[in-house]
Amino acid sequence: MKASQDLSVFVRNPSAGLSAMDLVVESVHCGACIVAIEKGLASEPAVRGARVNLASRRVTVEWDEGKLAPEAIVARLEALGYPAYPFAAPLADSMALAEERRLLRCLGVAAFAAMNVMLLSVALWSGAASEDKSATRDLFHWFSALVALPAVAYSGRPFFESALRALRQFTANMDVPISLGILLSLALSVVQAIRHEADSYFESGVMLLAFLLAGRYLEYRMRRRTRDVATNLAAMKGEKAVRLSDEGEAVETPIAAIAPGDLVLVRAGERVAVDGVVEDGRSQVDQSLVTGETLPIEATVGTMIYAGSMNLSGALRVRVAKAATGTLLDEVNVLLDKAIEQRSSYVKLADRAARLYAPVVHLTALATFLGWMALGLAWETALVIAITVLIITCPCALGLAVPAVQVVAAGQLFRRGVMLNNGDALERLAEVDTIVFDKTGTLTLPQPSLANLDEIAPEDLKLAGALALASKHPLARAVAEAAKARDPLPAHEFPGQGVTLFHAGKRIKLGSPAFCDALGEAAAAAARWPDASLIAFRGPERVAVFAVRQALRPDAGRVVAGLRRAGLRMEILSGDRPAAVEAVARELGLAEFAAALKPADKIARLKALREAGHKVLMVGDGLNDAPALAAAHVSMSPITAAHLAQAQADAVFLGERLAPVAEAVTLSRRARALMVQNLWLSAIYNVIAVPIAIFGFASPLIAAAAMSGSSIVVTLNALRARSHKGFAP
Amino acid sequence: MNVLVYLVPVALALGGLGLAAFLWAMRSGQFDDLEGAAWRAIADDDLPDEAAVKPSGER
Numbered sequence: 001m002k003a004s005q006d007l008s009v010f011v012r013n014p015s016a017g018l019s020a021m022d023l024v025v026e027s028v029h030c031g032a033c034i035v036a037i038e039k040g041l042a043s044e045p046a047v048r049g050a051r052v053n054l055a056s057r058r059v060t061v062e063w064d065e066g067k068l069a070p071e072a073i074v075a076r077l078e079a080l081g082y083p084a085y086p087f088a089a090p091l092a093d094s095m096a097l098a099e100e101r102r103l104l105r106c107l108g109v110a111a112f113a114a115m116n117v118m119l120l121s122v123a124l125w126s127g128a129a130s131e132d133k134s135a136t137r138d139l140f141h142w143f144s145a146l147v148a149l150p151a152v153a154y155s156g157r158p159f160f161e162s163a164l165r166a167l168r169q170f171t172a173n174m175d176v177p178i179s180l181g182i183l184l185s186l187a188l189s190v191v192q193a194i195r196h197e198a199d200s201y202f203e204s205g206v207m208l209l210a211f212l213l214a215g216r217y218l219e220y221r222m223r224r225r226t227r228d229v230a231t232n233l234a235a236m237k238g239e240k241a242v243r244l245s246d247e248g249e250a251v252e253t254p255i256a257a258i259a260p261g262d263l264v265l266v267r268a269g270e271r272v273a274v275d276g277v278v279e280d281g282r283s284q285v286d287q288s289l290v291t292g293e294t295l296p297i298e299a300t301v302g303t304m305i306y307a308g309s310m311n312l313s314g315a316l317r318v319r320v321a322k323a324a325t326g327t328l329l330d331e332v333n334v335l336l337d338k339a340i341e342q343r344s345s346y347v348k349l350a351d352r353a354a355r356l357y358a359p360v361v362h363l364t365a366l367a368t369f370l371g372w373m374a375l376g377l378a379w380e381t382a383l384v385i386a387i388t389v390l391i392i393t394c395p396c397a398l399g400l401a402v403p404a405v406q407v408v409a410a411g412q413l414f415r416r417g418v419m420l421n422n423g424d425a426l427e428r429l430a431e432v433d434t435i436v437f438d439k440t441g442t443l444t445l446p447q448p449s450l451a452n453l454d455e456i457a458p459e460d461l462k463l464a465g466a467l468a469l470a471s472k473h474p475l476a477r478a479v480a481e482a483a484k485a486r487d488p489l490p491a492h493e494f495p496g497q498g499v500t501l502f503h504a505g506k507r508i509k510l511g512s513p514a515f516c517d518a519l520g521e522a523a524a525a526a527a528r529w530p531d532a533s534l535i536a537f538r539g540p541e542r543v544a545v546f547a548v549r550q551a552l553r554p555d556a557g558r559v560v561a562g563l564r565r566a567g568l569r570m571e572i573l574s575g576d577r578p579a580a581v582e583a584v585a586r587e588l589g590l591a592e593f594a595a596a597l598k599p600a601d602k603i604a605r606l607k608a609l610r611e612a613g614h615k616v617l618m619v620g621d622g623l624n625d626a627p628a629l630a631a632a633h634v635s636m637s638p639i640t641a642a643h644l645a646q647a648q649a650d651a652v653f654l655g656e657r658l659a660p661v662a663e664a665v666t667l668s669r670r671a672r673a674l675m676v677q678n679l680w681l682s683a684i685y686n687v688i689a690v691p692i693a694i695f696g697f698a699s700p701l702i703a704a705a706a707m708s709g710s711s712i713v714v715t716l717n718a719l720r721a722r723s724h725k726g727f728a729p
Numbered sequence: 730m731n732v733l734v735y736l737v738p739v740a741l742a743l744g745g746l747g748l749a750a751f752l753w754a755m756r757s758g759q760f761d762d763l764e765g766a767a768w769r770a771i772a773d774d775d776l777p778d779e780a781a782v783k784p785s786g787e788r
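These protein sequence lines are chains A and B, in that order. The letter at position 250 of the first sequence is residue 250 when you use this note's numbering, and the numbering goes up by one with no holes. The letter at position 54 of the second sequence is residue 783 when you use this note's numbering, and the numbering goes up by one with no holes.
Careful, some of the hints might be misleading.
[What the hints assert, rightly or not] Distance ranges between label pairs, derived from CB positions: (1) Gly758(B) to Arg586(A): 38 to 44 Å; (2) Val301(A) to Phe760(B): 19 to 25 Å; (3) Ser699(A) to Phe760(B): 48 to 54 Å; (4) Arg319(A) to Gly758(B): 41 to 47 Å; (5) Phe760(B) to Val191(A): 34 to 40 Å; (6) Phe760(B) to Glu78(A): 27 to 33 Å; (7) Leu763(B) to Ala79(A): 28 to 34 Å; (8) Leu733(B) to Leu164(A): 26 to 32 Å.
It is worth saying that the hints were derived from the structure and are not from the lab. We put the CB at the ideal spot given by N, CA and C, even for glycine.
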């Protein structure tokens, strides 16, 4: 059946009479592609404009409303040689983008102010008003105030807002001492200007702000790059479902546009894209990516099936579920809510440092004030000295110490195929001492392959492969793939049973063991490959049984061995049958494993581990893993994971290899070491700078030099995360 | 030194001009695709290609 397409859900209306759509075009990689696409689309009369974004591999197309179907644009790009996948950016993405823009605006304003105030300050330091020409000096101070005050009021907001939020909850984060330092430096400077004093600290406050905003902006940009890739990958997966209208018309529709209550057609060999109840038809369904169970289940009228499962044999009509109670999905959601609620509130490294740091600094300032008073200084002078202590200890380097490392390390991980969903995931990954793996789709590849390839005679394999091309059944596809078959034979398919053909005067068959009269051979094979699905082949001479199973990721053995050498405990928690789990555990040399677990069992095990004092990294992909991913100290998912699982994971990894998991652990350990180093570096800076301020020798020049110096030192130290050699198993 | 009364505001105004240019460039999306911008600068056939970014009615 050929289904028509409906992409209208992706079309936006930026202004009246104008339609627009965003598409992912992953094959754009140079200037020639930009020209080809923009020119090619513009030659369409109704198209008003097309703009390629090379960095994010996307195209935005605008056209006169109603003059062009969105499908025609996809077809046009395809004809130009660029397969395109429409997408609608999630709301969270556009909110984060707005925040990023705001930070960039703030950074622009702060940098402008810092440069111009510094211009005036350098003039003063170099003697423009050295002979007590207080009129000139005051003029310069007031010009500085004119620039600095509005600039800080505008561009300091990201810090002030965050500090206020923390104070309202009676906690302290890094932004509290930062905000205090900046505001005090300005307030003191204004007072000094009024009193015609020589020293003002306008430049320090503004410069500090510019440095910190730069760090924060880079952090946001790093996160956006990760999000962009994730959105692109999701768009390219292009999850669609065939919706049946009331008149029985089949329309291929993106899942974003499918509503609960819709009727959806799932053909044999297709992945189910929605959660729903079977309304018509019967088939076998492979739910391994959902529950971990590798044996297919029978689906008939009334069976609940889940997005991510594979329909093996017959066509099914599925009614999309609303809020189904008593189903796996329901159970997972309840557990998930509970797990998120109970998630221990992790205190970030930077905030922990801030909680130690803020009281010490504030007490030092107070002691300085009281000390000078006791020594008989006028209270105004004592107060000025105490405030300079606060200004000079304003944690500029401390504020950069952690984010700078995060940005560099996240960039390194990104290049190795790991995308971080969470800023503090690196810190938590570094603390891990136990790794819990799900089996199906995590340790094993999501696509099945032949387990007993070397036992099959080459001529049988060749013939079976050619025969297999006639079927869309996933097992047949695995056989065709293994045989590298290209030329299909004109075989006849018995749905749900197999394919058959007269070949050189004999009937050859490929299909279920019963279909090929190979039950005896199949029983023998089942004993040897307990976790495999079997497909039989009756050739011209003999019978062969193919054991198809989800093979281990190619580097799983080496990665597990490497992680063990790195001192990590590992175990497998799977929803699959004990025999299948045991086979994998033995192959990897893992002593600890548990099988046939329900989502609640996985959580219970994680809880036991946590109570034993372990910090657990959970790696899983199925719908049934989602609560465990949320409950673990930190979690990772392969990119092929179920939506719900991916949304809970702190990091997502790409590709067929398991190595990214090990890379993430080793690199995050190095990153954490660098973060701690950076925190110490900024502490050492304070040990040197604070006494100078306490004894009243601090001048604006010393403050500016010391603060920018320490910021540069921690940033350079963070860059050392780039020299990480990576994980070598 | 009275000249400072003019010179400093002029310096600040020039800086402000730079800031305004930056904000304008940001708002018009010039920092959205830094990689693409590098290629567009050396695209040699961009003259007849104006149609790609202008309304089709102008052709």
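Taking the hints in turn, this is what the structure says about them:
1. Distance hint check: the CB atoms of glycine 758(B) and arginine 586(A) are about 56 Å apart, inconsistent with the given range 38 to 44 Å.
2. Between valine 301(A) and phenylalanine 760(B) the beta carbon distance is about 56 Å. The supplied range of 19 to 25 Å is therefore violated.
3. Between serine 699(A) and phenylalanine 760(B) the beta carbon distance is about 37 Å. The supplied range of 48 to 54 Å is therefore violated.
4. As the Cβ distance of arginine 319(A) to glycine 758(B) is approximately 44 Å, the hint placing it in 41 to 47 Å holds.
5. Restraint check, phenylalanine 760(B) to valine 191(A): a C-beta distance of roughly 39 Å satisfies the suggested window 34 to 40 Å.
6. Restraint check, phenylalanine 760(B) to glutamate 78(A): a C-beta distance of roughly 31 Å satisfies the suggested window 27 to 33 Å.
7. Range check, leucine 763(B) to alanine 79(A): Cβ separation about 29 Å, and the 28 to 34 Å hint holds.
8. Range check, leucine 733(B) to leucine 164(A): Cβ separation about 39 Å, and the 26 to 32 Å hint is violated.
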